[in-house]
Structure formats: C-alpha cells, structure tokens
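These protein sequences, in sequence, are chains Z and X.
Residue 143, in the numbering used here, is where the first sequence stops; the numbers in between run on with no holes.
Residue 628, in the numbering used here, is where the second sequence stops; the numbers in between run on with no holes.
Keep in mind the hints are simulated off the structure, nothing from the lab.
No experiment lies behind these values; they were computed from the predicted model shown.
The list that follows gives simulated cross-link-like pairs (lysine-lysine, DSBU-like), each with its CA atoms no further than 35 Å apart: (1) Lys356(X) <-> Lys573(X); (2) Lys331(X) <-> Lys111(Z); (3) Lys182(X) <-> Lys484(X); (4) Lys79(Z) <-> Lys290(X); (5) Lys79(Z) <-> Lys283(X); (6) Lys290(X) <-> Lys99(Z); (7) Lys79(Z) <-> Lys331(X); (8) Lys407(X) <-> Lys99(Z); (9) Lys165(X) <-> Lys203(X); (10) Lys99(Z) <-> Lys411(X).
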Amino acid sequence: MPYRYRDDIAIADVAFEAWGASLEQVFVAAADATMNVMVEDLATIGRSLDLTIELEHDQLDLLLFNFLNELVFLKDARKLLLRVGSLSIRRANSNFILKGVVYGEGLDPEKHPLGVDVKAVTLHRFSLRQTQTGWEAFVILDI
Amino acid sequence: MPVPESVKRISDTVWEIPVSYKDGMRVPGRIYGTEKLMKEMDAGVFEQLSNVACLPGIVKYAYCMPDGHWGYGFPIGGMAAMDPEKGVISPGGIGFDINCGMRLVRTDLTIDDVQPRLRELVDALFRRVPAGVGSTGVIKLSEDEFKEVAEQGSRWCLSEGYAWPEDLQNTEEGGCFRGADASKISRKAIERGFDQIGTLGSGNHYCELQVAKPENIFDDATARAFGFTLPNQIAIMFHCGSRGFGHQVATDYLQLFLSVMERKYNIKVNDRELSCAPFRSPEGQDYFAAMTCAINMAFANRQVILHRIREVFSDVFRKDPRDLGMHMVYDVAHNTAKLEKHEIDGKLREVLIHRKGATRAFGPGMAGLPDQYRETGQPVIIGGSMETGSYLLAGLKSGAEAFYTTAHGSGRTMSRHQAKKMVRGQTLQKEMEGRGIYVRTASWSGLAEEAGIAYKNIDEVVEATELAGLSKRVVRLLPLGNIKG
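When you get a sec, could you build the whole thing from the sequences and use the hints?
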C-alpha cells in the first residue's frame, strides 16, 4: 500500500501521504488513499465500467488536486467507486496534461463496506514533490 | 500541546496571540477557553488562527471558540469579521460543508412513552432519513427545480408542504439568506447535490433522540421558553449540511480564487486553503451568491429531514405530529459568511462575518430573533459526542465582544484513525445498547470514529462559553437513540 494515513495532523479530517517511483504512480496511490477512506476494502470494487478522464493544469500539484476532486465528484454525481486503470501525464507547452482510464462500479452498501464520506480535497498543506527515490504527495481530505 | 509561550492570558477564559507571533498579522488572535481546554488545543489552532489574522480587512481579532481544533484554512471554531469594503471573502473561512448546522425539535412525549418504542423509532428513522456515503433522498427534482430550492431554502419547503410556517420563523434568517443567485452555481455542483435533499451525510453527522432529565435543566424559565416543560421530555437533534452541492460550490470557487488572488488582486496568503478575493470584486460577489445558495439548500435539507422525522413519529405513535407537540426549537448554521450589523468601537458597522464551526448566538433583545425568543436570547444547539450528550444554550448580551458567536460542538481531540484502532464499531454499538442508547449506522468504522473518547469533554466546552459570557447553559440533553451516517 503506497500510502499512509497520518494520525497527528488535522485530526477531525483525514491526512495522508502517498508515494510512487513515478509521477503516475503517486497519482494512482493518492486516488486509492482517497477512495480507501470511503470504502474499507478496495478489492471489493469490481470493474463494471471504464471512464476516461482528461485534465489539464499549468501546475502539477493542482493537476493532482483536480484529479482527486474528479473522483470525489463522480462518487456523488454518478454514485461510482473508482480506481485507476491506466494513467499518463505529459507536458505540452506550459501545461501538464493528464489522460487516464478509471474503472469501477456503482456504490452498493451490501457489497462495499463503507467508511466515511470524503466531502472535499483541501489545499491546507497540500503538496506534491519529487524526492530522490520518486514522488511524494501530502493531502488532507475534508470529512 | 503546551500553549505557546508568546500567547498571553487576558482573563480566565480569554487568551491572545499577539501580532508579533507571525509576520503579516494585521490583528491579534483571541482564543476562548479554560486553561485545561487551552492545553488540549492542537498546534493547528495557533498556526491557522494566526494565518486568519493576516487576511486583508479583518476587524478587531481572529477568534477561536473553546471547541477549537485543527481544520483547514480557518481552525474549526474560527470566526473573523471582515470590512466588506476593504476585506476579503474566503471559502477556507466557511468550509466545504456550507451551512452545516444543527436543528432541535421538542415533543410532548416523555421517556416513558419512547423507551418501549425506541428500537422501532430508531429503525424507522434509519430507513426514512438516508445516511452514509453516496446516499440519495426520495425527492426527485429537475435541475430548474433544484435551483429554486437553492434560492429559496426553507420557503421552497413551505410551498411544497415540507414545513410548518413556524419552522421558518425558528430558523436563522427564516431559512433563506438574502443574496442567493443560482446563475452563479456550476452544473457540476447541481449534478452532485440535486438528489441529496433529505439526507444526513456521513462523518460527524447524525440524528439523535434525546431526553431532558429534570436534574439537567440549568435555567428553568429559559428552558420553558424553549419548549422544555415536562420532566424527562423527549427531543430530537440532528446535524447535517449542504451535502455534495455545497462541497462542490466551495471547491469550484477555491479553484477560481487560486487563479485570480495573486495575479489580479495581489493578495498573498499563508495557506492556499485561505485563497480569497475582495468581497466587492466580481469573483467575491459571485462566490457570495453561490455560497448563499448552498446555505439555503442546507436549510431545505434539514427542513425535509424534520418533515421525515415528524412522519416517523406520527406513524409510530399514530398521532398527528402537531398533537405530539413536535415544534422546532431552533436551527443554527455553523459554516457561513454573512453580512451582519455590529457595534464596533461605539459605532454600528456592517461586517462580513465568517463562521467556521462556530455558532451565531444573538443576545436578548436583538433584531433578527423571533418574538418568542426576544427576551431569552437565541437558542444555541451544541452537539456533543453520541455517547456523552449535548446542550441547549442561550445567547447573552455579553456575547457582543465576539460578534455574538459561540462554540458549535465538543471538538475532537483524537484522530479518526486512532479512534478506529481503539474502538470497534460493533463492540461500541453493543456497549452503548447496554447503557440504554440504541444506535444504527451506515458504517461500522464510521461509528468507531465517532466514539466519545475521540472528543473533548462537552461539559468543559459549554462551561467555558458560559464563563466567557458567550452563551449560558439551559438544558443538557442525554442520548437515547442515534442514527449515524
């Protein structure tokens, strides 16, 4: 599990660190960390549909912010629990472009042991940075 | 953690963060709390409150209530008054769950009526008031109809038969804040929330059956004025907000403010969550209009839930809810920004009050209170943990020093993850049942996260508000049954 919840920060909400060897991997880890707050066992999320997500931003950390927000949006608007199937990030001129396929299925309390709802992704202490071994993100979710 | 050395004690219950604490502070920070509560405040409170004190246009102080704890942007329990002409509006001073709030309903029932039907009542509430991740309500609306809800709030509920006229009088601003404009909300916000009216949500949201025992009445005359007249009388308290709609409105404008704050308005903040725009700017005004829509949607949400609660009691006791005396005591909003008139240094001024996890608490005689509470001051509903109980307070004249603001709950002292490590949801449910509290939940882990041990002592929090002159105790309410999101 390339993410860890932090007990000592923003105790009324949920803070996590996520990491990966590549930029794409840290996005996938952060998506799972966000979803894992709402569903206790991610393995219960089956693959009944695929969705394409395309996002663009001139700041890499805000691209991650928007990507996580998209998953939170789809949870309410389409009642979908989603994981990342494939994802690529490339640079075009001054922008970063994310193209990804997320997969999942409709939320079903009988099948998915639910945790607590993620209301939003906050920007308090939000960070995405390159380290010697790869990439790390720090995120606080509003519960 | 220990209180930082530079924080000065002003009185038994008032503490000050001086402007020298951090570069850029325009006003000092003021924290209300006893010494014990101050020592329990986490590091986030001092960091975040001093960030708030740096915002352009802030008046007097950046305030934090005794239940203050680490939030994002503002601390939870935070309050700031901004000069509307020179100051800013910030989603980080309101929160994502815009107009998360509390509502309290009294009944003519006593514990003897309810105890034999407790399971039946709680089970029926659990069915009729959807709770948990992704839950949807029964009311099906078109996009245009939803926009009407957002602009009209509780008034929409009245026209649709989900409200009694008196309910609106007993809601802050009649359940409809002025300035809502649905043309300022995004399609995404509507898509996220249009089917969630009448749902509780999750986290610390709940609906609780409570009893007012005679030994827990602190002020008999005010308790009577608030509708508590019988020994062991039953009340229903619930906590929820604007659901996905409000969360998306806040997210949309946070993103917009990030893109214009520095570039267009040359404003720098210490925490990107405090992204803001001048209140009188086009972006600031658009956010105010959209945020007010979310405030009104939350009032409508709580109004529809009240309607469902009345239906449940009516079904179980086979009586009209009016014959059960199911009058609403009051509805308070926690996460709002609002123009209010206050006396500041001897002059009446209009200010933009941000309250984030804090409750308006108007004192006796103030305009804006319904006639029945003109003499008593505003009822203030304080939700405690589901194990320990909650309070009904009244606003005081001396609350003027904090722009008539008080606490909103007990405030967490333990992380959600830590609580889950210490408590199992199923075990907690059984233990609580042994103590006469019947709980239903949409999430076992969510239940564990809300265990009483994760919260500050509510008695100490409300006592601190009383000592500080912000609000006074009227009734302490003990839990009998609870539904959790």
